[in-house]
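Just so you know, the protein sequences line up as chains E and G, in that order. If you count the first sequence from 1, position 127 lands on 127 in the numbering used here, and the numbers rise without skipping. If you count the second sequence from 1, position 216 lands on 436 in the numbering used here, and the numbers rise without skipping.
Among the clues, some could well be false.
In the DSSO-like style, the derived pairs of lysine-lysine whose C-alpha atoms are separated by at most 27 angstroms in a straight line are [to be verified]:
hint, chain 1, residue 1, chain 2, residue 2
1, G, LYS222, G, LYS329
2, E, LYS68, E, LYS90
3, E, LYS64, E, LYS185
4, E, LYS125, E, LYS185
5, E, LYS163, E, LYS185
6, E, LYS92, G, LYS278
7, G, LYS345, E, LYS90
8, G, LYS222, G, LYS310
9, G, LYS345, E, LYS92
10, E, LYS2, E, LYS90
11, G, LYS278, E, LYS90
12, G, LYS312, E, LYS92
13, E, LYS2, E, LYS58
14, G, LYS409, E, LYS109
15, E, LYS38, G, LYS383
16, E, LYS125, G, LYS310
17, E, LYS38, E, LYS52
18, E, LYS90, G, LYS312
19, G, LYS312, E, LYS125
20, E, LYS109, G, LYS288
21, G, LYS258, E, LYS38
22, G, LYS329, E, LYS92
23, G, LYS409, G, LYS329
24, E, LYS109, G, LYS361
25, G, LYS329, G, LYS272
26, E, LYS70, E, LYS58
27, G, LYS312, G, LYS278
28, G, LYS284, G, LYS329
29, G, LYS329, E, LYS109
30, G, LYS405, G, LYS361
31, G, LYS278, G, LYS290
32, G, LYS258, E, LYS2
33, E, LYS59, E, LYS2
34, G, LYS329, E, LYS90
35, E, LYS68, E, LYS141
36, G, LYS222, G, LYS278
37, E, LYS143, E, LYS58
38, G, LYS278, G, LYS363
No wet-lab data here; the hints were simulated from the structure.
Number of protein chains: 2
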Amino acid sequence: MKILSFAEENYLKAVYHLSNAGELDVTTNSIAEEMDTKAASVSDMLRRLSEKEMVVYKKYQGVKISEKGKTAALQVIRKHRLWEVFLVEKLKFNWDQVHEIAEQLEHIKSPLLIQRLDDFLGHPKFDPHGDPIPDENGLFKEKPQVPLAEVEVSGDGIVVAVKDTNSMFLQHLDRIGIYLGAKTKVTEKVEFDGSMEILIDGKNKLFISKEVAENVLVTH
Amino acid sequence: MKILSFAEENYLKAVYHLSNAGELDVTTNSIAEEMDTKAASVSDMLRRLSEKEMVVYKKYQGVKISEKGKTAALQVIRKHRLWEVFLVEKLKFNWDQVHEIAEQLEHIKSPLLIQRLDDFLGHPKFDPHGDPIPDENGLFKEKPQVPLAEVEVSGDGIVVAVKDTNSMFLQHLDRIGIYLGAKTKVTEKVEFDGSMEILIDGKNKLFISKEVAENVLVTH
DNA sequence: AAATAAAATTAGATTAATCTAAAAAATATT
DNA sequence: AATATTTTTTAGATTAATCTAATTTTATTT
């Protein structure tokens, strides 16, 4: 298999994520938005990725990731998430500081390095945001995740991930006291604006907006 | 200060190393050889680095690294060597496996990452090859060189120089398998005649005389 | 179904990094 | 000093990745 450039790996990751986030065919514009680039650049890159058989691309019809592409994307994601674990567990970064650095580290090419890093970290199964880490074969198990917004009153769960990983949002969560692994119980839901009252770890009462409730994922 | 590309950082490193390895003006060809590229590419890159004031470049006259360039080069070298320590100390790589990987890792841009890595590693002063690690300000101390004769039993080091440079002596070293950069470990010392048993690169057992031991300089 | 709007692609430029081949400058040799 | 050789630079191409502007295709709306 040919080696992919940093740019190709990034586009492939975007296609993978958008594929998983629903629609059958990923649109050019959705990729452009995700990658903060222009549609023309995306068209060009899709042509190249298609030549390398990483995606199945039909002009004007959108794009689908191929098996080959999925394998490649999952290896990049594996690297990204392992590095995030390293940064948080070993280098004492906060979970909201690691994404940008992992974006760089994920492109380092050395299978042995990743194997050793995985050993060093004790074969973690989830990254600091609760996302699963694919193994060498790209296999992983999802924790079933539900947005807090969908939990009924008196239902409880454990915070396992966030949908939106932008730094401002994570800092907000930190500030109000929501963290990975926190135990949640929905105590009240307000119909008209989607906000809710919850209990963190059975003691801290919190009021959260619809936006927060939709972006905090819990298992239950 | 502007951000340098990977390629620019690599050329700058080469200029820095060649500057230190002797001559006042580094030649285009020597850079081309060091970097395994063509002279035309070097000329082009020197023009660019010169525009960024990283080097002082006069056509046909060779090039000299500037203060600005030296600072930038030393930061890359600092990163390279810290990563090498990480790979050997934490990920259990052998010292001969780490260079290629560190060549990639050295280009990761995050001052905070390097600060944290340095903390995590306990502020090492030398990399696994015995080369000094510059601090945040680019300052470093060369490792003191000690004759093998003064190393204690079980102490290891790296051959960095010879005291006696006459050809017969050097030929003798060649014959018995001692070379610049060889990893040494003293396994036994004989009191009455100053001879010793050493291990080269962890595998070749050698008996050397007092004369040899006094003239081979190692860092440790 | 024709007109309009939106989405996607192509055309044409630009920048970085590289190359080969040709030209220019510096060095070495007769 | 004139010539030959080596070194270095420039000229001109190429590839990857990007952009803006123009065009084409698809979708939507009257």
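Verification of the hints:
1. G:LYS222 to G:LYS329: Distance of about 12 angstroms is within 27 angstroms: holds.
2. E:LYS68 to E:LYS90: 33 angstroms, violated
3. E:LYS64 to E:LYS185: Distance of about 39 angstroms is beyond 27 angstroms: violated.
4. E:LYS125 to E:LYS185: 25 angstroms, holds
5. E:LYS163 to E:LYS185: 19 angstroms, holds
6. E:LYS92 to G:LYS278: 47 angstroms, violated
7. G:LYS345 to E:LYS90: 20 angstroms, holds
8. G:LYS222 to G:LYS310: 33 angstroms, violated
9. G:LYS345 to E:LYS92: Holds, at about 22 angstroms.
10. E:LYS2 to E:LYS90: Measuring from Cα to Cα gives roughly 33 angstroms; hence the hint is violated.
11. G:LYS278 to E:LYS90: 47 angstroms, violated
12. G:LYS312 to E:LYS92: 21 angstroms, holds
13. E:LYS2 to E:LYS58: Status holds; Cα separation ~22 angstroms.
14. G:LYS409 to E:LYS109: 44 angstroms, violated
15. E:LYS38 to G:LYS383: Roughly 63 angstroms separates the two Cα atoms, so the pair is violated.
16. E:LYS125 to G:LYS310: 20 angstroms, holds
17. E:LYS38 to E:LYS52: 22 angstroms, holds
18. E:LYS90 to G:LYS312: Given that 27 angstroms is the threshold and the Cα spacing comes to 16 angstroms, the pair holds.
19. G:LYS312 to E:LYS125: Holds, at about 22 angstroms.
20. E:LYS109 to G:LYS288: This hinted pair is violated, its Cα atoms lying about 30 angstroms apart.
21. G:LYS258 to E:LYS38: 35 angstroms, violated
22. G:LYS329 to E:LYS92: 18 angstroms, holds
23. G:LYS409 to G:LYS329: Roughly 47 angstroms between the alpha carbons, so the hint for LYS409 (chain G) and LYS329 (chain G) is violated.
24. E:LYS109 to G:LYS361: The hint is violated at about 32 angstroms.
25. G:LYS329 to G:LYS272: This hinted pair holds, its Cα atoms lying about 18 angstroms apart.
26. E:LYS70 to E:LYS58: 18 angstroms, holds
27. G:LYS312 to G:LYS278: Cα-Cα ~45 angstroms, so violated.
28. G:LYS284 to G:LYS329: OK: LYS284 (chain G) and LYS329 (chain G) at ~25 angstroms, within 27 angstroms.
29. G:LYS329 to E:LYS109: 17 angstroms, holds
30. G:LYS405 to G:LYS361: Distance of about 23 angstroms is within 27 angstroms: holds.
31. G:LYS278 to G:LYS290: With Cα atoms ~18 angstroms apart, LYS278 (chain G) and LYS290 (chain G) stay inside 27 angstroms; holds.
32. G:LYS258 to E:LYS2: 25 angstroms, holds
33. E:LYS59 to E:LYS2: 24 angstroms, holds
34. G:LYS329 to E:LYS90: This hinted pair holds, its Cα atoms lying about 19 angstroms apart.
35. E:LYS68 to E:LYS141: 20 angstroms, holds
36. G:LYS222 to G:LYS278: Between LYS222 (chain G) and LYS278 (chain G) the Cα gap is close to 22 angstroms, so the pair holds against 27 angstroms.
37. E:LYS143 to E:LYS58: Given pair LYS143 (chain E), LYS58 (chain E) is violated - Cα atoms ~34 angstroms apart, limit 27 angstroms.
38. G:LYS278 to G:LYS363: 35 angstroms, violated
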